[in-house]
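Asks: Here are the chains, one letter per residue:
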Amino acid sequence: MKAAPEHRHAVAAWWQAAPFALVFGLFFLLPLALVAMVSLWNFNEYELIPAFTLRNYFSIFEGCSQLTDNGDLCVTLSTYLSTLKFCLLVWAITLVLGFAVAYFLAFHVRSATLQTVLFVLCTVPFWTSNVIRMVSWVPLLGRNGLVNQSLQWLGLVDQPLEWLLFSNFSVVLAFVHLYTMFMIVPIFNSMMRIDRSLLEAASDAGASGWQTLWNVVVPLSRTGILIGSIFVITIVMGDFVTIGVMGGQQIASVGKIIQVQTSYLQFPLAAANAVILLAVVLMIIWGLTRLVDIRKEL
Amino acid sequence: MPRLRPHHIREPRSAGFWPLLIVFGLFVLFLYGPMITIFVLSFQGPEGGLTFPLRGTSLHWFRQLAAGLGTVDIGAAFRRSLMLGTAVMLLTVVLSVLAGLAYRKKLRGGDALFFVTVASLIMPSIVVSLGIGLQFRLFDTGLKSLLGALGAETTLENYGTALGLFTSALGAHLTWTLPFGLLIMFAVFNRFNPAYEEAARDLGATPWQAFSHVVLPLIGPSIVGIGMFGFTLSWDEIARTSQAIGDVNTLPLELQGLTATVTTPAIYALGSVTTVVSLLVMGGTLAAVALLRRRASTRRPH
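In order, the protein sequence lines correspond to chains A and B.
The first sequence runs 0 to 297 under numbering that gives the first Met the number 0.
The second sequence runs 0 to 301 under numbering that gives the first Met the number 0.
Treat the hints as calculated values from the structure; they're not laboratory data.
Even for Gly, the Cβ is constructed at its ideal location relative to N, Cα and C.
Check before you lean on any hint, since a few could be wrong.
Simulated restraints, written as ranges between beta carbons of each label pair [what the hints assert, rightly or not]:
1. B:Ala14 to A:Val95: 32 to 42 Å
2. A:Thr52 to B:Val27: 33 to 43 Å
3. A:Cys73 to B:Trp17: 25 to 35 Å
4. B:Ala289 to A:Cys73: 55 to 65 Å
5. B:Lys143 to A:Val217: 53 to 63 Å
6. B:Phe29 to A:Trp213: 43 to 53 Å
7. B:Val247 to A:Cys73: 31 to 41 Å
8. A:Val95 to B:Arg12: 13 to 23 Å
Facing chain A, from chain B, some residues (calculated, C-beta under 7 Å) [claimed, not checked]:
9. Gly24
10. Gly69
11. Thr70
12. Ser124
13. Ile237
14. Thr263
15. Val275
With a Cα cut of at most 25 Å, we get these calculated DMTMM-like pairs of lysine to aspartate or glutamate [stated by the list, open to error]:
16. A:Lys84 to A:Asp68
17. A:Lys255 to B:Asp201
18. B:Lys143 to A:Glu46
19. B:Lys104 to B:Glu46
20. B:Lys105 to B:Asp246
21. B:Lys104 to B:Asp246
22. A:Lys84 to A:Glu161
23. B:Lys143 to A:Glu44
24. A:Lys255 to A:Glu61
In isolation and in its complexed conformation, chain A is listed as follows (with noise of 0.2 Å):
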């Protein structure tokens, strides 16, 4: 009887795996569910109301369809737009940082024990608090910060810039600051198994430096890009906290829409909010994913 004990195999390996399993399905996929529930739902000032209706989605984009007399775009898009703005800039910038990081480590650094301290040294900080991290430019970037009384000795500058903090340069800043580990780890891992035995090839048939990088690093580093896009994708989309702190909660998102729509109770409104978010995330995602399997094509 050969068949008996691997059924056997079978029903151990998914009780191995139940518990890990229902974890996700109550606290994950259940939750995404009454969230899409939700967001049809209709609400008063005291309670849900468990009643079909559209109302939310159509009060999100409501007067979307028209500029405001002011030439502006309704409150949604501007603020999908502003999000996109960031989400665009920090993915950019991240993208080239953590290359340049991830192919030094990879290609430059030659001992594999100097390779690993250097390494833990990148990732160190994600362990550490996110808020911290952010609170820890206050004394370089306020209006007496060390930024300014260095510009202002220098005399570049008469009076402090008031840009360097709770500003859109802030955000942005602390976005590559927190996530470009993101970026960093899959794109070294990635390089870390391209076989460089290719790279000796493609110089000795006459490749500069450059041709090396472009034709042959870049597209075998692509699945490491494509991780580290969309985990700095999704963060920078949904991200409250960074925009919030750094941005003097002065600047919209998307997220802290969502968040305060939630602490208002709104939570049919933040449904439909959410919904939204995870359209427009999956969206890029599956974009990015095309664009990869595009390049593999040709």
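Fit chain B to the known structure of chain A by using the hints.
Replies: Chain B alone, transformed into the frame defined by chain A:
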């Protein structure tokens, strides 16, 4: 030109080395500079402010912190985060190892479970947080109306909410730590040689004996690593906890609130303390891994 070279002559650095070294150095400075700054400033003298210069050095702001910042009980939040982090760490280790073992066999639905796990990792945290908060509030409403229908008035009056540290917040943290745990288990078992286990089984070991005497010591260091992920990620978690915790707050949530209200170096002192806890956990992990490795190598017959 022949490419053979004597080994003791080091290959000259290629053109990109120096610029990239500078980029790397600046990046490390960028990573650590601000943290070092607030560490130094947390020892600011009593008259000092949020920025340089240092007006003397003192432990004044640490004492202020111990006395409490405004209405916030830092000590209680600290203990709550410590307890939650420990629970998350233990559950992350146990559940990830079990699931990792399951994936080594034929696991029906394994692909779907893996897909869900990765989806949880990259899902915007605010969506997860909102979902869990909503779920528990709907549960509250349902339970209250049930209690009302049953006429259990006293139970109804005493019932507050199911939202809490070890219910909703624990679940929210696990959706963030378990994916890392499973990915580490995959990395471990990808490089794991099943011959050891088979040898144990051939020698008559039960599955439990094969696991506890052979597999566990071999994957021990990685398990410690998973534990560190579990604790440190929970210790600093904000986004997923924010809407899913109810009335009490964890330390990072209090910290986030304090950034807007506290304008003294006490907040830097708090930052130094939480960072030191994270670093201690990391150091402890490294020490435990080294210890496990040494024990594993001395136990081997020579």
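Asks: Against this structure, judge whether each hint is valid.
Replies: Structure-based check of each hint:
1. Checking the proposed 32 to 42 Å range against Ala14 of chain B and Val95 of chain A shows it is violated: the Cβ atoms sit about 19 Å from each other.
2. Evaluation of the 33 to 43 Å hint for Thr52 of chain A and Val27 of chain B yields a failure: the beta carbon distance comes to about 54 Å.
3. Between Cys73 of chain A and Trp17 of chain B, the C-beta spacing of about 51 Å breaks the proposed range 25 to 35 Å.
4. Under the hint 55 to 65 Å, the C-beta atoms of Ala289 of chain B and Cys73 of chain A, about 58 Å apart, fit the expected range.
5. For the hinted restraint 53 to 63 Å between Lys143 of chain B and Val217 of chain A, the CB-CB distance of approximately 58 Å keeps it satisfied.
6. Our hint of 43 to 53 Å for Phe29 of chain B and Trp213 of chain A is violated, since their Cβ atoms are close to 26 Å apart.
7. Hint check: Val247 of chain B to Cys73 of chain A, Cβ distance near 38 Å, so the stated range 31 to 41 Å holds.
8. Between Val95 of chain A and Arg12 of chain B the C-beta distance comes to about 22 Å, which sits within the given range of 13 to 23 Å.
9. For Gly24 of chain B, the interface hint is violated, since its Cβ never comes within 7 Å of a Cβ in chain A; the closest pair sits about 10 Å apart.
10. Violation of the interface hint for Gly69 of chain B is found here, the shortest Cβ-Cβ separation to chain A being roughly 16 Å, above the 7 Å cut-off.
11. Interface hint at Thr70 of chain B: violated, since its Cβ lies 19 Å from the closest Cβ of chain A, which is beyond the 7 Å cut-off.
12. Here the hint on Ser124 of chain B is kept, as its CB sits about 6 Å from the closest CB of chain A, short of 7 Å.
13. For Ile237 of chain B, the interface hint holds, since its Cβ comes within 7 Å of a Cβ in chain A; the closest pair sits about 5 Å apart.
14. Annotation: Thr263 of chain B was flagged as interfacial toward chain A, and the flag is violated, the nearest CB pair being 12 Å apart, outside 7 Å.
15. The beta carbon of Val275 of chain B comes no nearer than 10 Å to any beta carbon in chain A, farther than 7 Å, and the hint placing it at the interface is violated.
16. This hinted pair checks out: Lys84 of chain A and Asp68 of chain A have alpha carbons roughly 24 Å apart, not beyond 25 Å.
17. Restraint check: the Cα-Cα separation between Lys255 of chain A and Asp201 of chain B comes to about 59 Å, which exceeds 25 Å; the hinted pair is violated.
18. Simply put, Lys143 of chain B and Glu46 of chain A have alpha-carbon atoms about 13 Å apart, close enough for the 25 Å limit, and the pair holds.
19. Pair hint Lys104 of chain B plus Glu46 of chain B does not hold up; C-alpha atoms about 64 Å apart against a cutoff of 25 Å.
20. At roughly 43 Å between alpha-carbon atoms, Lys105 of chain B and Asp246 of chain B are farther apart than 25 Å, so this suggested pair is violated.
21. Under the criterion of a C-alpha separation no larger than 25 Å, the hint pairing Lys104 of chain B with Asp246 of chain B is inconsistent with the structure, at around 43 Å.
22. Between Lys84 of chain A and Glu161 of chain A the CA atoms are separated by roughly 21 Å; this keeps the pair inside 25 Å, and the hint holds.
23. Among the hinted pairs, Lys143 of chain B with Glu44 of chain A is consistent with the structure: their alpha-carbon atoms are about 19 Å apart, no more than 25 Å.
24. Restraint check: the Cα-Cα separation between Lys255 of chain A and Glu61 of chain A comes to about 19 Å, which is no more than 25 Å; the hinted pair holds.
Hint violations for this structure: numbers 1, 2, 3, 6, 9, 10, 11, 14, 15, 17, 19, 20, 21, all remaining hints satisfied.
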